[in-house]
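If you want the building blocks of each chain, they are given just below.
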Amino acid sequence: MKPSLSLILFTVSSGAGFGLFVLLVVINNTGWGAPMSEREVLVAGALSLALVTGGLISSTFHLANPKNAIKSLNRIRTSWLSREGLFSLVFFLPAIAYLVLVGLYGNPPGAVVRFSGWLALILALTTLFCTGMIYASLKTIRQWHNPMVPANYLFIGLASGGVLLTTIRSLITASDSAAATLTLALLALAALVKLIYYFWIGKPEGPTLNSATGLGPERVKLLDVGHSHGNFLTEEFGHRLAAGRSFLLRTLALVMAFLVPFAVLVVVANRDAPQALTLLALVAALSGILIERWLFLIEGHHAVNLYYGRQRT
Amino acid sequence: MRLGLMIDVDNCVGCHACAVACKSWNTGGTTGPLTDLMPYGGEPSGVWFNRIRHYEVGEYPHSQTVNFPMSCLHCENADCVTVCPTGASWKREEDGIVLVDQDKCMGCNLCAWACPYGARELDPSSGTMKKCTLCIDRIYDQNLPENERQPACVIVCPTHARLFGDYDDPQSDVSRLARERGGYSMMPELGYQPTNQYLPPRTANRVDTTDVERPARGLGERLKNWVNQIVAR
Numbered sequence: 001m002k003p004s005l006s007l008i009l010f011t012v013s014s015g016a017g018f019g020l021f022v023l024l025v026v027i028n029n030t031g032w033g034a035p036m037s038e039r040e041v042l043v044a045g046a047l048s049l050a051l052v053t054g055g056l057i058s059s060t061f062h063l064a065n066p067k068n069a070i071k072s073l074n075r076i077r078t079s080w081l082s083r084e085g086l087f088s089l090v091f092f093l094p095a096i097a098y099l100v101l102v103g104l105y106g107n108p109p110g111a112v113v114r115f116s117g118w119l120a121l122i123l124a125l126t127t128l129f130c131t132g133m134i135y136a137s138l139k140t141i142r143q144w145h146n147p148m149v150p151a152n153y154l155f156i157g158l159a160s161g162g163v164l165l166t167t168i169r170s171l172i173t174a175s176d177s178a179a180a181t182l183t184l185a186l187l188a189l190a191a192l193v194k195l196i197y198y199f200w201i202g203k204p205e206g207p208t209l210n211s212a213t214g215l216g217p218e219r220v221k222l223l224d225v226g227h228s229h230g231n232f233l234t235e236e237f238g239h240r241l242a243a244g245r246s247f248l249l250r251t252l253a254l255v256m257a258f259l260v261p262f263a264v265l266v267v268v269a270n271r272d273a274p275q276a277l278t279l280l281a282l283v284a285a286l287s288g289i290l291i292e293r294w295l296f297l298i299e300g301h302h303a304v305n306l307y308y309g310r311q312r313t
Numbered sequence: 314m315r316l317g318l319m320i321d322v323d324n325c326v327g328c329h330a331c332a333v334a335c336k337s338w339n340t341g342g343t344t345g346p347l348t349d350l351m352p353y354g355g356e357p358s359g360v361w362f363n364r365i366r367h368y369e370v371g372e373y374p375h376s377q378t379v380n381f382p383m384s385c386l387h388c389e390n391a392d393c394v395t396v397c398p399t400g401a402s403w404k405r406e407e408d409g410i411v412l413v414d415q416d417k418c419m420g421c422n423l424c425a426w427a428c429p430y431g432a433r434e435l436d437p438s439s440g441t442m443k444k445c446t447l448c449i450d451r452i453y454d455q456n457l458p459e460n461e462r463q464p465a466c467v468i469v470c471p472t473h474a475r476l477f478g479d480y481d482d483p484q485s486d487v488s489r490l491a492r493e494r495g496g497y498s499m500m501p502e503l504g505y506q507p508t509n510q511y512l513p514p515r516t517a518n519r520v521d522t523t524d525v526e527r528p529a530r531g532l533g534e535r536l537k538n539w540v541n542q543i544v545a546r
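Here the protein sequences come in this chain order: P and W.
Heads up: the first sequence begins at 1 in our numbering, then just goes up one per residue.
Heads up: the second sequence begins at 314 in our numbering, then just goes up one per residue.
Calculated directly from the structure, the hints in this document are not laboratory data.
Possibly wrong hints are sitting among the right ones.
Partial list, computed: chain P residues near chain W (C-beta under 10 angstroms) [what the hints assert, rightly or not]:
1) S37
2) R39
3) G54
4) S58
5) R83
6) N146
7) S177
8) L233
9) T251
10) Q275
Because the structure is a prediction, the values reported are computed rather than measured.
For each residue, glycine too, the CB sits at the ideal point set by N, CA and C.
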C-alpha cells in the first residue's frame with residue numbers, strides 16, 4: 001500500500017495526543033504518584049488537544065475532495081472511519097471541559113471534573129480502537145485484517161502518550177515515578193503486541209493469483225496488464241518494500257520506538273541522571289513510531305496486486 | 314432483481330472493445346467524465362471502469378492464453394458500501410447495482426481499499442471515486458430500443474463474451490449459462506459474494522509435442538540446430 005505521509009502523521013500525532021490525555025486523566029484523577037500541579041495538567045492537556053487537532057487536520061490532506069469531509073459522520077452504523085471521526089470530535093467536549101474546570105477551580109479535581117476526565121478517557125480509547133479497526137476491517141489486506149492491529153494502535157498511542165507525559169513532568173517539576181512506571185509497562189506491552197503482530201503476518205496465507213482469477217490449479221502467469229503505464233490501482237496498491245529490507249527496518253522501528261525510550265526512562269528513574277534526558281526518549285519514540293507506521297502501511301499487500309502478477313499477497 | 318454481467322473467458326479474444334465502449338459511453342454518463350491524465354504525454358493514465366488483463370495458464374507448451382476483463386462485480390456483501398463514511402457508496406435494493414453518489418464522496422479511498430477486485434478508481438480531477446454503473450443510464454432508458462437497453466460493453470462485444478441479465482431469474486441467460494457451464498466467482502474465500510459470474514475456459518486437447526521435445530539425433534541434425542541458433546531471423 002502507498003505509505004501516505006498525511007495518514008502517517010495523522011495516526012502518530014493524534015494517537016500520541018489521545019494517549020497523552022488518557023494518561024493525564026489516569027494520573028491526575030487517581031492522584032497516583034507525585035501530585036500534578038495545575039500548570040502541568042494544562043500544559044499536558046493543551047499539548048494533547050494540539051496533537052489531536054494537528055492529526056485531524058493532517059488527515060484531511062488525505063482526502064481528494066475535502067469539502068465533503070463533514071459528510072463523513074453520516075454512516076456511524078457501518079463505517080469505522082465514520083465512528084472514528086465522530087468519537088474524535090466528541091472527545092473535545094469533555095476534554096476541553098476538564099481543562100477549563102481544572103484551570104478555574106484548580107487541582108486536584110473535584111468529582112464533576114473527574115467525571116468529565118473519565119468521559120474524555122473513554123472517548124480517547126474508543127477513537128484509538130476505531131482507528132485500528134479501519135485497517136483491521138479490510139479483508140483485502142491480510143496484514144491488516146488481524147486482531148493485533150487495533151491492539152497495536154491502542155498500545156502505541158498510549159505508550160507514546162506516556163513518554164510525552166513523563167517528559168512534560170520531568171521538565172516542569174521533577175521526575176514522577178507513577179507516570180514513568182506506567183509508561184514503561186505500556187512500552188513493554190506495545191512492543192509485545194508489535195512482535196506478536198510481526199510473527200502472525202509472517203505466515204503465508206490469503207488469496208492467490210489462482211483463486212483471484214479462478215483459472216484452476218495450474219500455474220497462472222501475468223502476460224500483460226493492458227495499459228502502458230501506471231493507473232490508480234498500481235499507484236495506490238503497488239508500493240512494496242524492497243526485498244530484504246523488512247528485517248532491518250522492523251528492528252530499527254522496534255529499537256527506536258520501544259527499546260531506546262524504555263532504557264532512557266529506566267536510567268532517568270534510577271540514577272541521578274539529568275531529567276532532560278527524557279527528551280531523548282521522546283524523540284526516539286516518535287521517530288520509531290513514524291517508521292513503524294510507514295512500515296505498517298507499505299507492508300500491507302492489497303489483493304488487487306494479484307491481478308497485476310503477484311502470486312500471493 | 315439481481316442484475317449483473319456474465320463474462321465468458323472462453324470466448325474473450327482480448328480486443329479491449331468493451332473497455333473502449335465503456336469509456337466512450339460513461340465519460341458522458343451519470344458519473345462522468347472519466348478523466349484522462351496526460352493522454353498524449355509520456356505516462357498516459359486515466360479512469361476506466363473496465364480493464365482487461367491477459368494471463369497464461371499452465372506451463373509451455375501446454376499453456377493457454379486467457380484474456381480476463383474485470384469491472385465492478387456488484388457484490389452481495391459489498392464491503393465498499395459498508396466502509397464508506399459519507400454514504401456516497403450505496404447498493405440499490407431493487408436491482409443490486411452498486412453506485413457512488415458523486416455529490417457526497419469525499420475521496421478518502423477507503424472503498425477502493427476495501428475492494429479486492431480493483432473496481433474503483435479515484436478521479437483526481439473531481440476528487441471522487443468512480444466505478445462501473447452497469448450502464449444504469451442505458452438499461453432503464455425507455456427511449457432506447459429494447460435490445461439496446463444493455464450495458465455498452467455487452468452490446469459492443471464482437472464474440473458475445475459478455476452477457477447481461479438477472480441472476481435472480483433462474484430462466485435468464487446468465488443463470489442458465491452459470492448452471493450449464495460452471496459459472497464461478499472470484500476470490501470466494503473473502504466472502505464478498507460477487508454477482509458477476511465468470512465462465513471458465515474450456516480445456517483444449519493437448520497437442521502432442523513428444524516429437525518436438527526429443528533431443529537431436531545424429532551430427533546433421535545437431536549441426537542444423539546449431540545453425541538455427543546462430544543465424545538471426
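To see whether the hints hold, each was checked on the structure:
For the restraint placing S37(P) at the interface with chain W, the shortest Cβ-Cβ distance is roughly 40 angstroms, beyond the 10 angstroms limit, so the hint is violated. Contact between R39(P) and chain W, as hinted, is not supported at the beta carbon level, the nearest pair being about 38 angstroms apart and thus beyond 10 angstroms. Interface restraint check for G54(P): the shortest CB-CB distance to chain W comes to about 19 angstroms, outside 10 angstroms, so the restraint is violated. Using the Cβ-Cβ criterion of 10 angstroms, the hint placing S58(P) at the interface with chain W is not satisfied: the shortest such distance is roughly 13 angstroms.
Interface hint at R83(P): satisfied, since its Cβ lies 8 angstroms from the closest Cβ of chain W, which is below the 10 angstroms cut-off. Annotation: N146(P) was flagged as interfacial toward chain W, and the flag is violated, the nearest CB pair being 15 angstroms apart, outside 10 angstroms. For S177(P), the shortest C-beta to C-beta distance to chain W is roughly 42 angstroms, which exceeds 10 angstroms, and the interface hint is violated. Checking L233(P) against chain W by beta carbon gives a least distance of about 5 angstroms; that is within 10 angstroms, so the hint holds.
For T251(P), the interface hint is violated, since its Cβ never comes within 10 angstroms of a Cβ in chain W; the closest pair sits about 28 angstroms apart. Given the 10 angstroms rule on beta carbons, the hint for Q275(P) is violated: about 42 angstroms separates it from the nearest Cβ of chain W.
Of the numbered hints given earlier, the model fails hints 1, 2, 3, 4, 6, 7, 9 and 10; all others are met.
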